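Full structure from sequences and hints, please.
What follows is the residue order along each chain.
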Amino acid sequence: MSRDLLAKKKNFHWDSIFKITATCAGAFVLLIMVLIFGQLLSDSWLIWEKEGLSFVTGDRWNPVEGREAFGALPYIAGTLVTSLIALCIAVPLSLGIAMFLSEIAPTRIREPISFIVELLAAVPSIIYGLWGLFTFRIVFKDWFESPTHEALGEHIFLFRDAPFGLDILTASVVLAIMIIPTISAVSREILLAVPAIQREAAYMLGATKWEVFRMSVLPYAKSGLIGASILGLGRAVGETMAVTMLIGNAVGPKAFPFGFFQQGNSLASIIANEFNEASPVSMYFPALIGLGLILLFVSLAVNVCAHLIIRRVTNAHEGGIKGF
Amino acid sequence: MEMSALDVLNAMKNDEQPSTKRNEPEKEIPNDMTNDGKYKVLIENLAVSYNGKKAIKDINMKIPDKAVTALIGPSGCGKTTLLRTINRMHDLTKGAEVTGKIIIDGENVYDSHINPILQRRKIGMVFQKPNPFPTMSIWDNVAAGLKLNGVKDKGILNEIVEDSLKMAYLWDEVKDELKKPAVALSGGQQQRLCIARALAIQPEVLLMDEPASALDPIASQKIEQTIIELKKHYTIIIVTHNMQQALRVSDRTGFMYLGDMIEYDKTETVFKNPKKELTSNYVQGRFG
Numbered sequence: 001m002s003r004d005l006l007a008k009k010k011n012f013h014w015d016s017i018f019k020i021t022a023t024c025a026g027a028f029v030l031l032i033m034v035l036i037f038g039q040l041l042s043d044s045w046l047i048w049e050k051e052g053l054s055f056v057t058g059d060r061w062n063p064v065e066g067r068e069a070f071g072a073l074p075y076i077a078g079t080l081v082t083s084l085i086a087l088c089i090a091v092p093l094s095l096g097i098a099m100f101l102s103e104i105a106p107t108r109i110r111e112p113i114s115f116i117v118e119l120l121a122a123v124p125s126i127i128y129g130l131w132g133l134f135t136f137r138i139v140f141k142d143w144f145e146s147p148t149h150e151a152l153g154e155h156i157f158l159f160r161d162a163p164f165g166l167d168i169l170t171a172s173v174v175l176a177i178m179i180i181p182t183i184s185a186v187s188r189e190i191l192l193a194v195p196a197i198q199r200e201a202a203y204m205l206g207a208t209k210w211e212v213f214r215m216s217v218l219p220y221a222k223s224g225l226i227g228a229s230i231l232g233l234g235r236a237v238g239e240t241m242a243v244t245m246l247i248g249n250a251v252g253p254k255a256f257p258f259g260f261f262q263q264g265n266s267l268a269s270i271i272a273n274e275f276n277e278a279s280p281v282s283m284y285f286p287a288l289i290g291l292g293l294i295l296l297f298v299s300l301a302v303n304v305c306a307h308l309i310i311r312r313v314t315n316a317h318e319g320g321i322k323g324f
Numbered sequence: 001m002e003m004s005a006l007d008v009l010n011a012m013k014n015d016e017q018p019s020t021k022r023n024e025p026e027k028e029i030p031n032d033m034t035n036d037g038k039y040k041v042l043i044e045n046l047a048v049s050y051n052g053k054k055a056i057k058d059i060n061m062k063i064p065d066k067a068v069t070a071l072i073g074p075s076g077c078g079k080t081t082l083l084r085t086i087n088r089m090h091d092l093t094k095g096a097e098v099t100g101k102i103i104i105d106g107e108n109v110y111d112s113h114i115n116p117i118l119q120r121r122k123i124g125m126v127f128q129k130p131n132p133f134p135t136m137s138i139w140d141n142v143a144a145g146l147k148l149n150g151v152k153d154k155g156i157l158n159e160i161v162e163d164s165l166k167m168a169y170l171w172d173e174v175k176d177e178l179k180k181p182a183v184a185l186s187g188g189q190q191q192r193l194c195i196a197r198a199l200a201i202q203p204e205v206l207l208m209d210e211p212a213s214a215l216d217p218i219a220s221q222k223i224e225q226t227i228i229e230l231k232k233h234y235t236i237i238i239v240t241h242n243m244q245q246a247l248r249v250s251d252r253t254g255f256m257y258l259g260d261m262i263e264y265d266k267t268e269t270v271f272k273n274p275k276k277e278l279t280s281n282y283v284q285g286r287f288g
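Chains P and H supply the protein sequences, listed in that same order.
Read in order, the letters of the first sequence are residues 1 to 324 in the numbering used here.
Read in order, the letters of the second sequence are residues 1 to 288 in the numbering used here.
Hints should not be assumed to be uniformly reliable.
Unchecked claim - The calculated lysine-lysine pairs, modelled on DSSO-like cross-linking and capped at a C-alpha distance of 30 Å, are: (1) H/K175 to H/K232; (2) P/K209 to H/K53; (3) P/K209 to H/K122; (4) P/K209 to H/K180; (5) P/K209 to H/K101; (6) H/K101 to P/K222; (7) H/K94 to P/K209; (8) H/K180 to P/K222.
Quick caveat, the hints were computed from the structure, so don't treat them as lab data.
Keep in mind it's a predicted model, so treat the numbers as computed, not measured.
Pasting the structure below:
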């Protein structure tokens, strides 16, 4: 009898509904990507037609009608330089935080601190921008930039410009502060995911905590930690508000980042800063949209590089640990 | 008559035919021929609790030198806990509290002047699942413990790596590919690599926590052969779920249940002629 009951159950249409809905949802991602790309390309078409590839390689920026010239190179460089400086500051600090939280902190304080770290990741970037603009840049200029400039400015060209507080370095440091919570929260998860048996293998041999971390935890978590850093880099590349408020907003050839204390501009910040002024019928508007398209490509390139790096690290040993 | 643990041990070592009765009249273990009557590890009134919950209650054991002692019992009986107290691995477990003594060569490993990190270097451990360091080569895995201990001489390292791999019966299979990553080996080979890694630090005692449980029958047979060969040189304590395995490899067997050592005797006695009904039921597969 029960056999007949079982045989009658043929609710296979639910399976097709499930398949169709899931496929639609999946296709949605692709659709959005194509739409964004198409829109950016069509809206910036005029600038590509006029400037061609020199829009990417040029460094002049003049929106005045009749004398128009647009080149994106200083802002591409600005984006990459600020993001990389931010990454250089943020990665060691974040690793330290993650190591403390996963290896050293007693349970009592581990949870509260982890919570605070995650809370920091949720602070809107305008808050960081305001804090940077009204507090941090003044302190930073008085305590770090001016003394460094006086000591090293004559000898090293990177410190040559007279510090003003709104510059490449200030923007990078605030960017670093913004991406530290992201990188350290993800890194902590990755370190905690290293199996206990891996740690015990090292403990068994008589390793100290540091030795366990160095020989067992770090190699196991390496690809994941790189992934976490790239996640931070991705955030830094696209970060707009705080950078716009702090980077100094220079345009043209002098925006090319040659020194820490120089005013610069990033792709995102110049778009945010000048968008209001651009008239949709001039070349100005397509130029800004073109910067958006370049920004999209830079972000994609960062992500693709990240995947390649992770794959290289992971496949360094055949059958190695898949971390991320 | 009260005797300190050190006296007991010395008495054991000095006396060719020690009368165990004289030292510990209440828990007598018949002497067998495998170990000249010497004991390597003495466990005295050992109790372990996790956050106040008792996992092991008052265990006393004398573990013979250069022999295999098996710990059997149903899941959760405390056999792994017992094993992990011996190299102070339980120091790493949050909320674990150990009372009592574990005396190896006359020294209580829970004595306040003992550094658990240095203590672990004297005891090898093999885990349930093979856990080689995944990014290291076969050679580096075996040499890892030596390097930690400051051995830098390449010649010495090569020699010990070769010896350890031979001891673990892996040398012939890997001697031409020592630079290959350890994770490229099969599960059984990885486990023998882990044995070699543990042997490389020249341990006095080798602890094995179900070393063959994750392996296929052929690989686990090789591990068993390795264990039987190793006992010529090492004191081995093995936790196992597989009673046939305990019967095949061990000289002594301890049957644990709910944190108690129900019966500890010669393996033959525990399996063929147990004194307690609980033991008899377990080894005959009536529960567990």
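Violating hint indices (sorted, rising): 6
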